[in-house]
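Assemble chain S onto chain C, guided by the hints.
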Amino acid sequence: MERTPLLELKGITKTFGDFTANDNINLKVYRGEVHAVLGENGAGKSTLMNIIYGIYKPDRGEISLSGQSVKIQSPRDALRHGIGMVHQHFMLVGMYSAIENICLMGEEKALSLTNKKKTEEKLIELKKQYGIEVDLHSPVEQLSIGMQQKVEILKLLYTGADVLIFDEPTAVLPPQECDALFDVIKNLVRQDKGVIFISHKLEEVLYISNYITVLTRGQITGQIRTQEADKETIVRMMVGEDMLPPDFAARRAVGTPGPVVLEGEGLYARDDRHVYTLQGVDIQIHAGEIVGVAGVEGNGQVELAEVLAGVRKARKGGRVKIDGQEVSTKNASAFIENNIAYVPADRNYVGSVPDFPLYENWILRNNHPPMKGPFLDYGKIREEAQKAMKSFDVRARGVEERSANLSGGNLQKFILARALGKHPRVLICEYPTRGLDIKATWFVRDRILRAREAGMGVLMISGDFEELFSLSDRIVVLYGGRIVGEVRPEETTVRKVGMMMMGVSGHESN
Amino acid sequence: MDQIFTAAFLVPLLAAGVRMGAPLIFGSVGDVLSEKTGVMNIALEGEMLIAALLAFMAAYSSGSLLLGVLVGGFTGLLSALVIAFWGISRRQDQSVVGIMFNIFALGFTNFLYRATFGVRTERASVATLETIRIPVLADIPYIGEIFFQHNILVYLAFIGAVAVWFVMKYTKFGLQAAAAGENPKAAAAAGINVVRLRYIGYMFSGFMAGIGGAFLSLGNVGTFTENMSSGRGFICLAITILSRWNPLFAVLAAFLFGTVEALQLRLQAMGADLPYQFFVALPYIVTLISLVIFGRNIRAPKDLGNAYDKESR
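Chains C and S are the protein sequences, given in the same order. Quick note: the first sequence uses our numbering, first residue 1, plus one each step. Quick note: the second sequence uses our numbering, first residue 511, plus one each step.
Okay, chain S solo, but in the shape it has when bound:
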């Protein structure tokens, strides 16, 4: 236990927490905006998973990581478009459509990966995104290593979170988006196109989830494994709630979960005297507990999850 409370252990742990939290930031920040407009992105998990595979395949075949990341983002966006069509335009139950998509994504990625790469002992892999040291800041002791020595996507995650926060808080678009999720009828009466706003919110969420998926395959490991998202999409949904729909708090929560993930990997490696399944389960246990503790007295967007029908009274 002694070795845990040393800088040599903690600093890399926190740095890994930031790195592992980044895909969660992408997923949850997008979902925050989407939920603000009134649509929950239950399909985050599936969108991330498909994007992780397609991003990897694009990078593998072209050799360009940038192309891979872009393909990831647009995969998420297109997935979201399909789901939005059913959930928003056709007014199907958003949860049902989302869960169906998650199931589809799992089967589809397994199939596509095996059909493309076959079953072999050595996994196909690509180089991972390179680390960018931010000049000056990276040299601050501890802080520099934790926050300023990461790949480009980690920085983009932070910038994206701040940008979404700013747009939501200070622009007319943000005000209108949240109005669509609170009281779509009142929003429509104020001249807002509720359906269009919800599409924008949802597709943005899909795009962000896609980047998060690309991060999973290209950011850390440079390869794709089956069910690689392994519940992160759902953790993102929990983060959205914990953050009380505030992108900045979502960053904090993502950092917490990233750190727990990093910790469990380390504890496993240290060979603690517990079955490894316990460590694997740790992030999910923390999710559950924190939802129970912090999930009270929260106020979700009032019209979250409801289909908006102009004609109804």
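Chain C on its own, in the form it takes in the complex:
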């Protein structure tokens, strides 16, 4: 028997100029189900959701709710029809509590008194009904990201949303808060809501959804019940038959690495809260090897990378040597001069200046940009940036584009292109593929391997076991700011490294 879908899209097509963002999209969302929309960055997921939410108007196609065809002209319309969206960037006023944020909406007259008591009662009821635990009274800016997300969800439920769209909800969450979000989503569908879950992360889609639609370059390239799906089928749907996951591990270095190029002795460092998170680490990076650094977040990995990149000061007499020569960690200039490249974890604010155009971002962390007499040679700078963007497949409208407008994958490729463009001796990268889609991830990993093959030393911090195990020549494990173990990936298991990260077993004794 055919149920009536809660939300149905028929033949949705949307073009921008001669670029087709959505091509004849058909999709059904049922009550009590999570429908995942999976696709790479730029595959048209966001465009599609913006159409459902009334921000864009489709060129062709029809949207029906419970069998009734509807026209959605604005987010207000969407809300009125019971469609709510949890944006990636939360639409919350930071200094207001959850209650106040929700009081903002509603249909009462402007000068009417805010009825916080009544709102609160209704919210408490909703919290109970959907099992959402969140503080209603503190300013939302004091809540964790995960909590703020829950406030957003409550807001939509308060307005009576039946279809909830989650736009890459886990991209902003630390891993431990993802599970809590999944619990909330499960509760939502248990209460007969329909959920659209957008993501480019395979594992979570397989875990949470009932049905998967795969979008590639604006077209549906696969629709499948999650029960019938496995990882490989979906990857094939996403990247096409011709592309198989590259075997990075096969490219592991054979033979002995070169001489030590970068060395840290007794490194101590404080994090931004002035807590010593790095507590005496000795590390050597040889030319032509990749040193992976594993650890649960907050155990000093980032501080280690930053000290070795010259952007954080080594304290308590710790020393950093490049080619055996000690360099001052007071500022990054000696490191830049010695050609130590750095790809920071925060692409948007450390790796780039969001309001600068790409060609200006191109000469960041560069002591000798092209000059024409005393002036910057912008012609040459643009040319360099353009060339690098081409060879690293950075998709942007051109070098004039502000870096803020680039997707995560493209920005990361740009930063990597900049770092590798000067043929550095050492590449230090933090979480190089975090938040990237599959293809961009493969691209970045390939480039890191190529850097190693060209004789660079690489220090790579990662939270991704697959990445650590397939790329690293050796993995050092940090716990409590100290190195608690060093292993070769081919001689150990994910489980053992995981145990070390938790501080369970000291050295690799077993």
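Don't read these hints as lab results, they were simulated from the structure. By construction, the Cβ of each residue, glycine as well, lies at the ideal position given by its N, Cα and C atoms. Mixed in with the good hints, there may be bad ones.
To be verified - With the Cβ distance kept under 7 Å, some of the chain S side facing chain C (calculated, not the full set):
| id | residue |
| --- | --- |
| 1 | Arg-600 |
| 2 | Thr-681 |
| 3 | Asn-693 |
| 4 | Gly-701 |
Stated by the list, open to error - Distance windows between CB atoms, simulated:
| id | chain 1 | residue 1 | chain 2 | residue 2 | range |
| --- | --- | --- | --- | --- | --- |
| 5 | S | Val-592 | C | Asp-192 | 28 to 36 Å |
| 6 | C | Lys-122 | S | Ala-673 | 56 to 64 Å |
| 7 | S | Asp-783 | C | Phe-375 | 21 to 29 Å |
| 8 | S | Gly-573 | C | Leu-113 | 53 to 61 Å |
| 9 | C | Ile-145 | S | Tyr-652 | 30 to 38 Å |
| 10 | S | Asn-807 | C | Lys-316 | 48 to 56 Å |
| 11 | C | Lys-316 | S | Leu-777 | 40 to 48 Å |
| 12 | S | Ala-673 | C | Glu-203 | 53 to 61 Å |
| 13 | S | Leu-762 | C | Glu-326 | 54 to 62 Å |
| 14 | C | Arg-236 | S | Arg-754 | 25 to 33 Å |
| 15 | S | Leu-622 | C | Glu-108 | 39 to 47 Å |
Claimed, not checked - Taking beta-carbon pairs under 8 Å as the criterion, some of the chain C residues facing chain S (in silico):
| id | residue |
| --- | --- |
| 16 | Arg-76 |
| 17 | Gly-94 |
| 18 | Met-95 |
| 19 | Met-105 |
| 20 | Leu-111 |
| 21 | Pro-259 |
Frame of chain C, contents of chain S only:
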């Protein structure tokens, strides 16, 4: 010095502080609301100055002080409308537009005053607003003289401050206004018309500044002098910050500055052994010092001074 710490000196001093603080209350309370919606009224000074002149001219030619006050208010409102058009709708830099207006106001009032009244030894003048004694309250010793024997505008200043405080704290409008100044995108997502709210906030601020300007010419002296606002608009901006965007604290701060102003006039008259410029500078020095002391750890509306563009991402 002995004569300062007597009731005969202090009570009139504080009463004058209330009176001189009143225009500051008008200016800052309006600005508090405007800044809450995200627009700083840098042009307060100019709005007050033009309103002071036009209010005076209206009262002078019609003989009606009430008409003068109303003209003052609407002069401020219209000035604000012009500035809001550039600063909000056309998204020009709000500070630049505001400062331009201040410069314009100074030149314009000088010109208009001289063109209208000519240069003569005796200034054109009108009667000042009459003092209203609040029954019963005015008879309380000291307190009565300080707070309850003033002209109508002083009372209106207090009432206005309380009203704005109430609206901001307890109504949906207040919640929405502050949302527009904190996070306009989130506000818009909640269905709020950010641009309209900012216009309302800014024009209200202009209207209040206009009444404050009318107070300067009609409340105390009954005449207009060149550059009569003499920086009060800027002091109002400082008060807004000191009050942490709370109209009730703004009243307190305005009272403080009014009292300092009154004190410097008295000290000058007492012929203390210092150059008179020192006394004239006193209110500004107090402004600076109090900003340095109390201006720390404050939290301005997050989107204050930024143009809101619906289309941007």
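Status of the hints after comparison with the structure:
1. Arg-600: 21 Å, violated
2. Thr-681: With a closest approach of 5 Å, the S/Thr-681 hint holds.
3. Asn-693: Nearest chain C Cβ about 5 Å off; hint holds.
4. Gly-701: 6 Å, holds
5. S/Val-592 with C/Asp-192: 28 to 36 Å: Because 55 Å falls outside the window, the suggested range is violated.
6. C/Lys-122 with S/Ala-673: 56 to 64 Å: With Cβ atoms ~30 Å apart, the hint is violated.
7. S/Asp-783 with C/Phe-375: 21 to 29 Å: With Cβ atoms ~59 Å apart, the hint is violated.
8. S/Gly-573 with C/Leu-113: 53 to 61 Å: Given range 53 to 61 Å: violated, Cβ gap about 43 Å.
9. C/Ile-145 with S/Tyr-652: 30 to 38 Å: 56 Å, violated
10. S/Asn-807 with C/Lys-316: 48 to 56 Å: Violated, since S/Asn-807 and C/Lys-316 (Cβ atoms, about 32 Å apart) do not stay within the stated range.
11. C/Lys-316 with S/Leu-777: 40 to 48 Å: 58 Å, violated
12. S/Ala-673 with C/Glu-203: 53 to 61 Å: 57 Å, holds
13. S/Leu-762 with C/Glu-326: 54 to 62 Å: At 59 Å between Cβs, range holds.
14. C/Arg-236 with S/Arg-754: 25 to 33 Å: 59 Å, violated
15. S/Leu-622 with C/Glu-108: 39 to 47 Å: Once the Cβ atoms are compared, 46 Å apart, the range 39 to 47 Å for C/Glu-108 and S/Leu-622 holds.
16. Arg-76: Holds, because the Cβ-Cβ distance from C/Arg-76 to chain S comes to roughly 6 Å (cut-off 8 Å).
17. Gly-94: Holds, because the Cβ-Cβ distance from C/Gly-94 to chain S comes to roughly 6 Å (cut-off 8 Å).
18. Met-95: 6 Å, holds
19. Met-105: The hint holds - C/Met-105 has a Cβ within 8 Å of chain S, the shortest such distance being about 5 Å.
20. Leu-111: At about 5 Å, which falls below the 8 Å cut-off, the nearest Cβ of chain S leaves the hint on C/Leu-111 intact, so it holds.
21. Pro-259: This interface hint is violated because 48 Å lies over the 8 Å limit.
The structure does not agree with the numbered hints 1, 5, 6, 7, 8, 9, 10, 11, 14, 21 stated previously, though it agrees with the rest.
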